[in-house]
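Student: Got chain A; can you put chain B on it based on the hints?
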Amino acid sequence: MNLLGFSIGMLIAKFAYTGYRSVGSPTLLRLGSAFAAISLGFFLLWIHAIADILMFNINLEVLLVAGLGVQAVGYFFLAFSYSIQSLTFKHMAPAIALVSIAIAPLFIIPGNSIEHIIRSISFILLVYGATQTMVSYMWSRRKGTLIIASGLSMLALGEFIGWYNFIYPGSMFYYISVIVKIVGISAVFVPLYQFPIRRVKVGSSV
Amino acid sequence: MAVVYRSHFQIIADILNTARDYSDDGSGVSITLLIRKANISYQRITKILSRLVDAGLLQQIPEDKVYRYRISERGIEFLQAYTRFHEFVESFGLRA
Numbered sequence: 001m002n003l004l005g006f007s008i009g010m011l012i013a014k015f016a017y018t019g020y021r022s023v024g025s026p027t028l029l030r031l032g033s034a035f036a037a038i039s040l041g042f043f044l045l046w047i048h049a050i051a052d053i054l055m056f057n058i059n060l061e062v063l064l065v066a067g068l069g070v071q072a073v074g075y076f077f078l079a080f081s082y083s084i085q086s087l088t089f090k091h092m093a094p095a096i097a098l099v100s101i102a103i104a105p106l107f108i109i110p111g112n113s114i115e116h117i118i119r120s121i122s123f124i125l126l127v128y129g130a131t132q133t134m135v136s137y138m139w140s141r142r143k144g145t146l147i148i149a150s151g152l153s154m155l156a157l158g159e160f161i162g163w164y165n166f167i168y169p170g171s172m173f174y175y176i177s178v179i180v181k182i183v184g185i186s187a188v189f190v191p192l193y194q195f196p197i198r199r200v201k202v203g204s205s206v
Numbered sequence: 001m002a003v004v005y006r007s008h009f010q011i012i013a014d015i016l017n018t019a020r021d022y023s024d025d026g027s028g029v030s031i032t033l034l035i036r037k038a039n040i041s042y043q044r045i046t047k048i049l050s051r052l053v054d055a056g057l058l059q060q061i062p063e064d065k066v067y068r069y070r071i072s073e074r075g076i077e078f079l080q081a082y083t084r085f086h087e088f089v090e091s092f093g094l095r096a
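If you're matching them up, the sequences are chains A and B in order.
Heads up: the first sequence at position 57 corresponds to 57 in my numbering, and the numbers run straight through without jumps.
Heads up: the second sequence at position 77 corresponds to 77 in my numbering, and the numbers run straight through without jumps.
For reference, chain A alone in the conformation it holds in the complex (with noise of 0.2 Å):
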């Protein structure tokens, strides 16, 4: 499952790197980093998965860690192109508040594991990002964008759940947040099947 969310990954990342080659749009750029950022988070939490299963003496935890840090690091991109449009500090507020709130359990929460932490930390920017998706549909009311700010939302629900792995250890809310997790980049990935993958050779930056 996580080697779909990985190519599925790849596939947006790949498209959105094209067009910042061929316009040389930042938005295109910080999108294709994203995208490319949360797909390598799929690929290390399937070895991750794959070494679990084979038994490999290697130690998993920093697999873990290190996919979820990843994916976190993609999801800041995508909440940042979001914060990026609206630079005011009326528009940034909410967002300085959230992840206020989602560093928080490093504070409150005695001997807590920096999984979760990550997990709450990715779970609150999926959440604004999310969030600016629905807004902007409001505007526009185009399909296409409902349909990604479902899929962030599953992004965020499937984070939610992984992180409820944290009160009830060793039980199938892990393996549920994978499952709604490659739902939710699935969804992203719908209204993007339309567009070619094919770079259009301008080159200039402009």
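Please keep in mind that the hints were generated in silico from the structure rather than gathered at the bench.
Given the structure is predicted, the values throughout are model-derived calculations rather than measurements.
Every residue gets a Cβ at the ideal spot worked out from N, C-alpha and C, and that includes glycine.
You can trust all of the hints, since none of them are fake.
If you want a taste of the chain A side facing chain B, the calculated C-beta under 8 Å gives, among others:
(1) PHE15
(2) THR27
(3) LEU31
(4) THR133
(5) THR145
(6) PRO191
(7) LEU192
Simulated DEER-style distance windows between Cβ atoms:
(8) A:TRP139 / B:THR83: 18 to 26 Å
(9) A:ARG141 / B:ASP25: 33 to 41 Å
(10) A:LEU54 / B:GLU77: 46 to 54 Å
(11) B:ILE11 / A:LEU3: 39 to 47 Å
(12) A:SER83 / B:GLU87: 21 to 29 Å
(13) A:TYR193 / B:ASP14: 24 to 32 Å
(14) B:THR83 / A:SER7: 22 to 30 Å
Tutor: Chain B only, in chain A's frame:
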């Protein structure tokens, strides 16, 4: 009503669109028309036009001490690419 700001690339697309749509005879368009259609100041448009000409997206045609601007093949390709990727970015509720 919320103010919607255009990105740098949207302004470039507006300039190129004007140069394409208002130059049927191939003689190019005047800077006055570009200012009016792209809705930006003279100071800003002169900088952008200079960069677009350097990048080969617009052709500068001298006429009576002033210049007229015509979109090049490369400019048309850029516009097509921009339209495609703009839709992609807009799907995320962002601006290219």
